[in-house]
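Starting from the given sequences, assemble the full structure and let the hints guide the process.
2 protein chains.
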Amino acid sequence: MALIVQKYGGTSVGNTERIRNVAKRVAAYRADGDQVVVVVSAMSGVTDGLIRLAKEITPLPSEREMDVLLATGEQQTIALTAIALQTLNVPAVSLTGAQAGIVTDGVHTKAKIQNISPAEVHRLLDEGNVVIVAGFQGQSFSGQITTLGRGGSDLTAIALAAALKADLCQIYTDVDGVYTADPRLVPNARKLPEISYDEMLELAGSGAKVMQLRSVEFAKKFDVVFEVRSSLNDHPGTIVKEETSSMEDVVVRGVSLDKNQAKLTLFGVRDEPGRAARIFRGLADANINVDMIVQNVSHEGGIRQTDISFTVDKPDLLKARQVIDGLKPEIGFKESVADESIGKVSIVGVGMRSHSGVAAKMFDTLAQAGVNIEMISTSEIKVSVVIAADKGDLAMRALHHAFLE
Amino acid sequence: MALIVQKYGGTSVGNTERIRNVAKRVAAYRADGDQVVVVVSAMSGVTDGLIRLAKEITPLPSEREMDVLLATGEQQTIALTAIALQTLNVPAVSLTGAQAGIVTDGVHTKAKIQNISPAEVHRLLDEGNVVIVAGFQGQSFSGQITTLGRGGSDLTAIALAAALKADLCQIYTDVDGVYTADPRLVPNARKLPEISYDEMLELAGSGAKVMQLRSVEFAKKFDVVFEVRSSLNDHPGTIVKEETSSMEDVVVRGVSLDKNQAKLTLFGVRDEPGRAARIFRGLADANINVDMIVQNVSHEGGIRQTDISFTVDKPDLLKARQVIDGLKPEIGFKESVADESIGKVSIVGVGMRSHSGVAAKMFDTLAQAGVNIEMISTSEIKVSVVIAADKGDLAMRALHHAFLE
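As they're listed, the protein sequences go chains A and B. Take 1 as the starting number for the first sequence in the numbering used here and just add one per residue. Take 1 as the starting number for the second sequence in the numbering used here and just add one per residue.
Please keep in mind that the hints were generated in silico from the structure rather than gathered at the bench. Be careful, since some hints might not be right.
Identical chains blur together in the list; that is why a pair holds if it fits in one copy or across any two.
Capping the alpha-carbon separation at 20 Å, the derived lysine to any residue pairs in SDA-like fashion look like this [as the list claims (entries may be wrong)]:
#1 K209 / R123
#2 K361 / R304
#3 K334 / R270
#4 K24 / D105
#5 K55 / G14
Pasting the structure below:
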């Protein structure tokens with residue numbers, strides 16, 4: 001008898017027909033003798049509808065009240081899922097985040113899980129119930145309703161799996177698993193049977209949309225092995241786990257493309273200590289997340305000058321530019337140039353650590369495909385390049401062919 | 001500085017525009033220096049939509065899970081109302097029933113309030129907040145989400161007013177107050193400035209739709225004076241309170257018509273001890289509420305026989321007939337006849353106690369209007385008669401003219 005935590009996203013519970021299908025799947029596991037904890041998101045569209053209502057009142061609703069409002073979405077799904085299971089004669093009990101013992105800090109709309117008291121869940125499981133827990137939500141120490149922010153339901157599932165010492169954690173979604181590349185862009189992409197936490201993190205951070213970074217980080221920290229799989233079929237998915245020695249045999253695990261970044265270049269920044277720090281402190285203070293940074297040193301006339309380029313999420317570009325232009329007197333650059341037509345292509349694999357020449361092969365492949373590289377950034381298990389946006393698909397296919405076929 | 005509890009029903013918070021209007025009204029009271037606790041229902045349509053979702057899964061969803069599901073409706077309204085108040089720069093905090101300290105028994109879908117711990121509400125009020133409490137819901141001793149059943153939000157408001165020792169409790173609805181008769185049926189109907197709990201109870205029990213009986217009973221038990229008034233204008237409403245001596249000067253406070261009853265007559269019941277008890281125990285066991293009962297004694301041949309008539313809510317008629325026909329061998333009656341085309345007209349007033357001849361005047365008025373009386377039932381402050389359904393409006397107008405104009 002295994003203890004399994006299953007998480008179903010908004011699409012998988014998007015209407016009562018799908019909720020019934022989820023119930024059938026859960027019932028099948030239970031018929032095999034497993035104990036099952038089910039974590040569900042709000043039905044797709046519900047959260048957006050609630051946000052729309054709040055925005056009808058004010059563009060800036062209070063975060064505490066948004067948590068009270070949005071937490072109702074998952075609460076509706078847990079009740080409907082429990083009802084669907086009971087209709088299949090499977091004993092089931094729903095629990096809100098608070099009732100499931102999920103305690104968070106008090107940072108509304110992006111609370112962090114502090115602690116899970118799984119006694120109630122264990123008690124209900126031991127009584128023979130399937131336990132349905134509302135994802136995305138918790139309760140602060142002072143009894144306030146909190147939500148965990150984007151990807152929060154994945155986090156709930158993984159944190160519960162850790163607290164319950166579950167044998168298996170399954171993240172059900174609308175894709176079959178983690179692929180070597182986005183199959184819509186690369187027809188030859190293959191589903192990966194397994195991937196390491198670090199590879200998953202680098203892929204997610206490089207534009208692959210399967211899961212939010214924080215859930216994978218949490219799984220890594222607490223060593224929770226989980227499987228990403230589809231709620232639409234019974235195919236095995238991708239197991240995400242700690243790196244094994246055999247994983248290093250594969251140099252590149254996957255290729256990803258991030259079209260959601262924009263590039264800002266400051267030309268003629270005086271090359272003195274503290275200038276770069278001033279730029280990026282300013283951006284950080286404005287809560288703008290900077291991804292890649294490249295600095296080239298150059299001489300011009302008698303003053304040492306440099307050009308600094310960096311990338312930010314596209315929606316932050318305008319704000320970033322305002323911050324930068326506001327700092328112009330202080331930083332002392334000549335001009336700033338923004339470029340929204342970029343794509344970031346990355347290759348990821350733990351095997352890179354023990355294989356040399358990976359970056360060279362990447363650059364060579366891109367050159368042969370006629371793709372110009374604008375920026376380069378590397379980590380231990382990843383190489384990312386910024387290229388022109390309209391070359392993104394071509395670059396992906398070329399790299400996938402070179403490394404993964 | 002007064003402490004006011006205001007309750008707004010589903011129509012009053014039916015969309016964000018109306019929620020903004022509620023916020024403006026609350027803000028005006030607060031600007032006058034009052035402390036305000038606001039109790040809200042689910043936005044109109046929300047509860048029905050959730051019930052529809054559950055019924056898509058099964059016609060008989062579990063009551064525990066229905067409570068989890070339906071409680072989200074009021075939770076959405078509290079958040080949106082708090083956001084609307086904050087937008088008017090009024091500090092406001094929303095609380096679920098559980099957070100507001102509303103403790104109930106564990107009878108799902110029709111829980112009874114056991115206890116209210118108002119400490120958190122007081123603390124938030126003392127900090128200068130308007131406190132928005134979700135109506136209709138509470139939490140059982142074991143931490144389960146419960147709902148209070150029909151009219152539950154009124155009950156929440158009145159119970160909170162009692163627990164907080166509020167100076168005033170206002171029940172906002174879509175009518176201006178309690179009328180001498182339904183203005184749609186009786187054009188001369190007048191709004192009553194005040195009414196006693198007992199009169200309100202008799203009117204509500206006689207078909208007037210203003211409030212559920214249990215909320216009025218609760219208010220009477222805990223001596224909570226409340227005002228029924230409209231959320232659409234600023235007219236004073238009707239104050240509902242303990243009877244005063246001056247109230248007895250008015251013989252009849254109001255006239256009501258209940259078209260939702262049906263009559264069952266059992267002909268030829270043997271007139272022996274225990275027969276009537278057997279009938280009505282059978283109906284009670286089937287959870288059928290019987291309103292009026294009339295028994296006429298008669299002789300026929302050598303065996304003492306009687307006819308027994310009683311009324312039930314129309315939706316219960318079929319079930320009542322099945323119960324009765326199932327008991328036929330045991331009760332020994334000749335035949336049962338159902339009549340759905342009836343109306344119950346009642347006159348209500350505490351002044352009846354000290355004024356004689358009220359019933360006689362009622363019967364006389366109906367006779368002059370050509371209305372035949374089928375059944376009669378009286379209480380200390382009410383006389384009800386069953387008449388043909390199509391004579392209901394005529395009877396109402398005649399009685400209103402005779403007693404109230």
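Outcome of the hint check:
1. K209 / R123: The answer is neither: 36 Å in one copy and 45 Å across copies each exceed 20 Å.
2. K361 / R304: Neither way: K361 and R304 sit 34 Å apart in one copy and 109 Å across, limit 20 Å.
3. K334 / R270: within (9 Å within a copy, 109 Å between copies)
4. K24 / D105: neither (35 Å within a copy, 33 Å between copies)
5. K55 / G14: This pair counts as between: shortest inter-copy Cα distance 16 Å, intra-copy 23 Å.
Hint compliance for this structure: hints 1, 2, 4 are not met, and every other hint is.
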